[in-house]
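Peer 1: Modelling step: build the complete structure from the supplied sequences, incorporating the hints.
Just so it is clear: in the sequence shown, position 178 is 184 by the working numbering, and no numbers are missing.
Keep in mind that the hints were calculated from the coordinates and are not lab data.
By construction, the Cβ of each residue, glycine as well, lies at the ideal position given by its N, Cα and C atoms.
If a hint is listed, it holds; no wrong ones were tucked in.
The calculated DSS-like cross-link candidates involving lysine-lysine, where the alpha carbons are at most 25 Å apart (straight line), are:
#1 K149 / K61
#2 K175 / K147
#3 K127 / K170
#4 K127 / K16
#5 K136 / K16
#6 K25 / K136
#7 K170 / K160
#8 K196 / K136
#9 K136 / K160
#10 K16 / K147
#11 K196 / K175
#12 K147 / K136
#13 K162 / K175
#14 K149 / K175
#15 K104 / K175
#16 K170 / K16
#17 K160 / K104
#18 K110 / K149
So the derived label-pair ranges between C-beta atoms look like this:
#19 Y21 / I94: 21 to 29 Å
#20 E128 / E22: 19 to 27 Å
#21 L33 / E106: 31 to 39 Å
#22 Y21 / L141: 16 to 24 Å
#23 H35 / G109: 33 to 41 Å
#24 V181 / Y15: 26 to 34 Å
#25 G75 / E180: 39 to 47 Å
#26 P111 / T182: 21 to 29 Å
#27 L176 / V65: 18 to 26 Å
#28 L176 / H140: 15 to 23 Å
#29 L53 / L14: 21 to 29 Å
#30 T182 / H35: 17 to 25 Å
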Amino acid sequence: MEEQASILYKSCDLYEELKGILHLQRLNHSNSLLQEEREAEGFLTCLHTIEILSKWNAVAPHIIAVQDGSVVGYLLTMISDASQDMPILRPMFQLFQKLEYQGKPISNYDYIIVGQVCVAKELRGSNVLKNLYHLYENQYKEKFDFAITEISTKNKRSIRAHLKHGFEKLLIHEVTEGEEWCIVILDWNKKNRIV
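Peer 2: Next comes the structure, spelled out in structure tokens:
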């Protein structure tokens, strides 16, 4: 699929853009999709509020793709202080406190968390995600050692997309019986990283 030339990649800085993120999020949330759609297209597991998105954006602006005034893709940013904002994410933050990366506890690093990723269905398979991550890296690689996130192993499309964009699997763990999640990390300083 060819990417539309009119897509603008930028830091989120408008209230309307936060609302656009929430709109795209609702369209692609697991509860809004049929099982076949979840399996083929991937899905989102968390729903945010405008207040939470705004709070996180003030600390580390989200990265968005805008086309014709609408948000068509986004990468949400979180830092470790965000653990109190969404109870559903607390187990992930607790696990980050126990994990090591390159022989050192993750908690000893300055890291940024990819809070959620979404690209509008009609633009998937184009360069939108690649361009979002390119801007994300350019904006945050000087401030943070790496980016990290957690993806449901049922979300195979998302895992494939993250691995394609330079993330590495760090750990697969079971949250509840039959519910596995994969922690992936994007180390900007790693030599021989393919993006």
